[in-house]
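**Student:** Take the sequences, apply the hints, and build the full model.
2 protein chains.
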Amino acid sequence: MSDTVEQEREVRERVFAAAALADDLVLRQETARLHPADIAEILDQLDDDNERLSVFSVLDDDRAAEVISDVGESARAALLARLADAHITTLLEGLDSDDAADLLGELPEDRKLLLLHRADPETRRDVQGLLSYPDDSAGGLMKTEVASVDIGTTVRQVRTYLRQHRDDFHDIHNVFITDHKKKLVGYVPVRNLLMADDGSSVDEILLSDLVSVSATVDQEEVAHLFEKYDLLSLPVVDASELLVGRITVDDVVDVIEEEATEDMLKMAGVGDEPLGLHGPVKALRTRLPWLGLNLMTATVSAAAISLFQETIHQVAIAAAFMTVVASQGGNAGVQTMTLVVRGLVLGELSPHNTRRIVMRELTIALLNGTVLGSVAAATVYAWTGNVRLASVMATAMIINMLIAAALGTLVPMGLRRLGADPAVASSVFVTAGTDLLGFLVFLGLLSVALGI
Amino acid sequence: MSDTVEQEREVRERVFAAAALADDLVLRQETARLHPADIAEILDQLDDDNERLSVFSVLDDDRAAEVISDVGESARAALLARLADAHITTLLEGLDSDDAADLLGELPEDRKLLLLHRADPETRRDVQGLLSYPDDSAGGLMKTEVASVDIGTTVRQVRTYLRQHRDDFHDIHNVFITDHKKKLVGYVPVRNLLMADDGSSVDEILLSDLVSVSATVDQEEVAHLFEKYDLLSLPVVDASELLVGRITVDDVVDVIEEEATEDMLKMAGVGDEPLGLHGPVKALRTRLPWLGLNLMTATVSAAAISLFQETIHQVAIAAAFMTVVASQGGNAGVQTMTLVVRGLVLGELSPHNTRRIVMRELTIALLNGTVLGSVAAATVYAWTGNVRLASVMATAMIINMLIAAALGTLVPMGLRRLGADPAVASSVFVTAGTDLLGFLVFLGLLSVALGI
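In the order they appear, the protein sequences are chains A and B.
Note that this note's numbering has the first sequence beginning at 23, numbered continuously upward.
Note that this note's numbering has the second sequence beginning at 23, numbered continuously upward.
In case anyone wonders, no lab produced these hints; they're calculated from the structure.
Because the structure is a prediction, the values reported are computed rather than measured.
Treat the hints with care, as some may be off.
Unchecked claim - On the chain B side, residues computed to face chain A include the following (Cβ under 7 Å): (1) Asp69; (2) Arg181; (3) Arg185; (4) Asp252; (5) Met286; (6) Leu313; (7) Ile334; (8) Ala341; (9) Ala342; (10) Val346; (11) Ser349; (12) Ser372; (13) Ile386; (14) Asn390.
No residue lacks a Cβ here, since even glycine has one placed at the ideal position from N, Cα and C.
**Tutor:** Printed below as a string of structure tokens:
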């Protein structure tokens, strides 16, 4: 493996160099040695659209179709904008229906219609059907190329049927079995067909522990089914339970990565901004609202602090120490919140263990608060020699850690209960709370202790 | 589907109720209607170990084996601690080698040896071999049940071979082909065997675009290969390139979830603490160090603030406004950092686009800073009527947003360059920087503006 990795890296470097020079001969030679997925990765990493086009143009139709369906969103948009309609039509006809629909779905409406019009009737019908589903639904993930046979078919007949549709079924894992009303009744994994006698009927080897989804189900739910039931392919049915497509595990792997990325970005308040390659102005749309919200909450905190101007005027160093209390609370709150958000998403938190989780987080907060509060109090005492200030520090720290644990569990759980996504900007809400309450508790206690 | 979801929920509630009463009869009846994966989920959600044992005890051996390999770590530990050795031995023999190794790997050393000793020789040999690999390596993920045939074998012979090993090969996707020295030379997907003629040789349909890994490769790299090349199963080879096992996509789906969870937790400074069900003391070990580090950095910030005691003494409200500057920087820094960490993990950031990403983040920061800085300055002016204070606010805010963008990109990239994990506690480092520099910039500018 290490040999091939080394070799592959060298080939890549030669491709990067040749792309810069638009050297078609070298590009053709070197890309021929790479897997389409590697070529897609290179296109993602190239920054210059002309260089991307140089690399893409040397690929033959089959490989071009594989590469265009593997490449990231921004590289794809750049390529599609520069390719001729005739070229895209060829690509579309070489793609599975789901990939063809994904590709068309990213184009402007008028170009999409034009290209659909140019495509062959079968592609047009399949792709138009798929485009009617939302991107992030089961319908948006499925492909229409499904192997299905009626009950009573023999294994020999199934083999003939598969051979006849070899191109459509290049990645099937199961053959689905339907009854005489075309309703889905079971499936047979291809390996079981291989182990069965050619003369036997699919009825004898049919498995009926069938998991299926309706086309409108959300992709997060689809991913959850794949994980839970260790599926390779999931049949999709319409409202009358007729088989309309299937979702394959390779697409679900991408969905899982995508959902994890989305959750991380949402927690940080970056909305659903795709990674770093869009224009900066687009990024403002997702980030500015959360920063604006944070400015509002920070201003409320500032107003709370301003209530204690007299205290701060008398003990200016308090302005330094209050930030330590707030900062500790913020970090502890984000720790708890991250665990809880992830637990909610993975389905590990349920009404049956919520109370225990909350109690556990409060216990941890008490222990952390006691340890860190003591250290902080000792530091304050060594620094100022003021026992009152030191005791206020310890007390405020413990209280703010408890507040952090409460907010870290309740904010995401509350968002979930309200039907909102628990990941959405949880960290903005949690740190707003630990800042505000941290300042209030510290300055409040100090004022009382000093009799101000 | 919605019918079944409703029904399943009712069955679950009856299982929860029956578990509380240890009602074996109802438990046997109701669990029989559930998929093993659903039973595992129920065991994860139960809090009481006796209730878990009641549910588990009514399962027959086959289902018990499936459930125990599906259940989460803490429920499994609780069950294994209470099951008799003879029962565990039966479970082991019903499991695939990888699941058997995972299960034994979680037991204390002396019990593990005892159980290995009791197992049949084949299980013992396979499992002992697998236990020699680290948990998070390809060897730790693979199973030893591999279908492989020599070059020259006919499709008919392959079918007979698969039938003979039906139990071991219940989840195979590919038959691997080896040369006369037992070296791996290619593979045939089972669907291609099914489409081929029985009389043909595997040589005719063999695919040689083989991706394989050595047993010592890290699981993150394994997951990356599955995603990139859309694999269903990946052969694992030893140092002399002999086939020793295979990794299947269902296990990789779990790895991807696990790695995403780990990255999120690491970013928040919760180390590799597994979700919420371990004792609180264990949690302290992972969280306290990062909170301790944060206490140190917050104390440094406090010391920086204390340099400006005279300024704060004169303008006590400055203590309120400086927290707004720090808070905005922290949030903006975490936004950038999250995008960059995720981009590094997904391989979307490379030396070829680093500069562009940094420039882009700085541009966004300048735009965000200008908008939010103006709002903040207007607020300060409305509040205090002090123009100097307002201009200091705007300037400090813009500068701290730029600092946040720089730290948000450079901290994770720097950690990566040092060979460290870019996710590890990046948020602790980034917010430490935006706090410290935010306070310094604001108070420094204010002192100059006021001539203190």
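**Student:** A separate judgement is required for each hint: does it hold in the structure or not?
**Tutor:** Hints, one by one, checked against the model:
Because the smallest distance between the Cβ of Asp69 (chain B) and any Cβ of chain A comes to about 6 Å, under 7 Å, the interface hint for this residue holds. At a threshold of 7 Å, the smallest CB-CB gap from Arg181 (chain B) to chain A is about 6 Å, leaving the interface hint in force. Given hint, Arg185 (chain B) at the interface with chain A, holds; its Cβ is 5 Å from that chain's nearest Cβ, closer than 7 Å. Taking 7 Å as the C-beta cut-off, the interface hint given for Asp252 (chain B) holds, the closest approach to chain A being about 4 Å.
A cut of 7 Å between beta carbons decides the hint on Met286 (chain B): the least distance to chain A is about 6 Å, and the hint holds. The beta carbon of Leu313 (chain B) comes within 6 Å of a beta carbon in chain A, closer than 7 Å, and the hint placing it at the interface holds. Annotation: interface hint on Ile334 (chain B) holds; nearest CB of chain A at approximately 4 Å, less than 7 Å. The criterion of a C-beta within 7 Å of any C-beta in chain A is met by Ala341 (chain B), whose closest approach is roughly 4 Å, and the hint holds.
Annotation: interface hint on Ala342 (chain B) holds; nearest CB of chain A at approximately 4 Å, less than 7 Å. A hinted interface residue such as Val346 (chain B) counts as satisfied when its beta carbon comes closer than 7 Å to some beta carbon of chain A; here the least separation is about 4 Å, so the hint holds. Taking 7 Å as the C-beta contact cut-off toward chain A, the hint placing Ser349 (chain B) at the interface holds, the least distance being around 4 Å. Against a cut-off of 7 Å between C-beta atoms, the interface hint on Ser372 (chain B) holds, since the closest Cβ of chain A lies about 5 Å away.
The restraint placing Ile386 (chain B) at the interface with chain A holds, with a minimum CB-CB distance near 5 Å, inside the 7 Å limit. Given hint, Asn390 (chain B) at the interface with chain A, holds; its Cβ is 6 Å from that chain's nearest Cβ, closer than 7 Å.
Figure legend: structure checked against the earlier numbered hints; every hint is met.
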